[in-house]
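Chemist: Protein chains in written order, with the numbering used here: chain E, 5 to 159; chain R, -2 to 437.
Keep in mind the hints are simulated off the structure, nothing from the lab. Yeah, the Cβ is synthetic: ideal placement off N, Cα and C, and Gly gets one too. There could be a bad hint or two in this list.
[As the list claims (entries may be wrong)] The following residues of chain E were derived to be distant from chain R, with all beta-carbon distances above 10 Å:
#	residue
1	M20
2	L21
3	W29
4	E31
5	R91
6	E96
7	K130
8	G134
9	K137
[Stated by the list, open to error] Derived pair list, reagent style DSS-like, types lysine-lysine, alpha-carbon separation capped at 30 Å:
#	chain 1	residue 1	chain 2	residue 2
10	E	K107	E	K82
11	E	K80	R	K198
12	R	K227	E	K82
13	E	K80	R	K227
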Amino acid sequence: MNREEVTDFIYDEAWMLDEGQFHEWLELWLPDAVYWMPLNWNQQDPINETSLLYEDNFMLRLRIERLAGARTFSQKPKSRCHHVLNRPRIVEISDDAAKVMTKMHYVETRLDEQQLLALTVTHDLKATDGGIKIAGKRVDILNCDAAFGNIQLLP
Amino acid sequence: MTDTTTLQERVNDLIRPQQVHRDVYTSPEVYRLEMKHLFPNCWVYIGHESQTPNKGDYITAQIGDQPLLMVRHSNDEIYVMYNRCPHKGTKIVIDKAGNTGKFFRCPYHAWSFKTDGCLLAIPLKKGYEGTGLEDTEAAKGLAPVGDMKNYRGFIFARLATEGISFEDFFGESLSSLDNMVDRSPVGKLTVAGAPLRYMHKCNWKMLVENQTDTCHPMVAHESSAGTAVKIWEEMDKPEGTPTPPAMQIIAPFMSPYEFFENMGIRTWPNGHGHTGVHHSIHSDYSDIPGYYDAMVEAYGEERAQEILGENRHNTVYFPNIMIKGPIQQLRNFIPLGPDKTLVESWIFSLDGAPSELTARTAMYNRMINAPTSMVGHDDLEMYERAQEGLMSDGLEWVNIQRLYEDDEDFTETAELNGTTERQMRNQFDAWKRFMIGGAA
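When you get a sec, could you build the whole thing from the sequences and use the hints?
Modeler: Okay, structure coming up:
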């Protein structure tokens, strides 16, 4: 993969989330990939300490299916989200893999509430026959240890 | 409202046997009275001793609206005191945790204090000569709380200088804390990592009540637990595929009413109580290799089975914490206003036990209690809708009469159908008494 493909991928993924194309988004993931959102600044251990999210394919699928459920009360009315990205910083790149870090501002809104989160998103990407896929994603929220209300969509 | 007779009348007017007035959730005046009377008269959770392992280690905490600090002194004892300089009132420490060395130093005028609170030194001290400083409160250093207790590593304090003893306040309910600690083969827990911090725009009591509300999971959590069960059933998986830990945690939330009726509720005096007398949503977690053997080695087979046979679900310690013994969790419901509550969800590792137990409790915490949790989302939605709905002038009373019995005696331990709202009535009985001093 080349730098432009990688950069386009990062922008396209954020676009899908903002457009609510969650099922298409899930197709971007390799089956054994994990989405990690640490609870602590510089957290190293996602297993023996609490995280905000540490979800495999099953849990991400549940998250998405739930959003469309008839009795998902906290999504009546639905939330919307919006990502603004800095230019991705490509840390490593080869023909078949890349590590990319991207600063983003994430806005989530529902009813009259709107919250803004500052993120550093680290993607591990792999080239496959079906195009670039996510092998792992870590989302560090700048104030990850702050007391939040609901964060319902996917930063 | 200045005298106790008026306070007693006001409090009695808010609580009826089968219903409570909405003011207990919405009124700033009632909230102010809780801060002034209820919280100071009760034994309230401060923190765990493993948060301050070394001399000079401290954490900040609060009881009601009172800022406190807990510190390990040079004699290895833990002290709890007000986090307020006796000089001008500046908070001595501001971060959640740290190490102060041998003394605290106020950042404003550099008055310094030993880690037991005693005044150590004042700059330019001769300016106070002949002024009678030694006779003032300021000269006594950091003010201690009324009383404190380290119970098997859990630190509780009572602000009021006179009042109910720790043993009388908790009584038999300590069996839940005992069971959680006994699950460690060496009888010791350690806090594992930072707590989840989740802000709720609702009254703190809504959260406490929800801990023994067994009629909401299958309704409010259908979107998460119900969807999980549906996806798992639809998946094309080989025969005998073990249920993954995430499914073991989330699926029981969709258990039918009958499951919750049969699991039972036990209430103890002074507002404490627990769900899961006979079994609970934690009963069927798969075994973790090596754990049972370690327990048998430590306690003998009979005692080990007795400890692990208790599967209490949520134990409420009045006024504002809940623990889950079988998965080593503690949730602290910290009031910040009549309609604002900070929820801190802590997890513990069991000393001497396999780390997989900690991994499971961490998974439970992020799946159920996080601001990003699909389960927590719908709970918070319900509390906030209730907080808004209670502003309606159409109705003034909140109904808590499910399985109500005439002449309920809250000074007795009771075991009932798991869907009773008796534990909520038990909490309001205690609320009423501790608002006016804790008298029986």
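Chemist: State for each hint whether it applies.
Modeler: Against the structure, the hints:
Taking the minimum C-beta to C-beta distance to chain R, about 19 Å, the non-interface status of M20/E holds against the 10 Å cut. The claim that L21/E lies off the interface holds: its Cβ sits roughly 14 Å from the closest Cβ of chain R, which is beyond the 10 Å cut-off. A cut-off of 10 Å between C-beta atoms confirms that W29/E is not in contact with chain R; the least separation is 17 Å. With a minimum CB-CB distance of about 16 Å to chain R, E31/E clears the 10 Å threshold, and the non-interface call stands.
Look at R91/E: its CB is around 27 Å from the nearest CB on chain R, clear of 10 Å, so calling it non-interface holds up. The Cβ of E96/E sits about 28 Å from the closest Cβ of chain R, beyond the 10 Å cut-off, so the non-interface label holds. Taking the minimum C-beta to C-beta distance to chain R, about 24 Å, the non-interface status of K130/E holds against the 10 Å cut. Remark: the non-interface label on G134/E is consistent with the geometry, its nearest Cβ contact in chain R lying 20 Å away (cut-off 10 Å).
Taking the minimum C-beta to C-beta distance to chain R, about 21 Å, the non-interface status of K137/E holds against the 10 Å cut. For a cut-off of 30 Å, the pair hint linking K107/E to K82/E stands: about 26 Å separates their Cα positions. Taken as a hint, the K80/E and K198/R pair is honoured in the structure, with Cα atoms around 18 Å apart against an allowance of 30 Å. For a cut-off of 30 Å, the pair hint linking K227/R to K82/E stands: about 22 Å separates their Cα positions.
Taking the CA atoms of K80/E and K227/R, the gap is near 21 Å; set against the 30 Å cutoff, the hint holds.
Going through the hint list in order, the structure satisfies each hint without exception.
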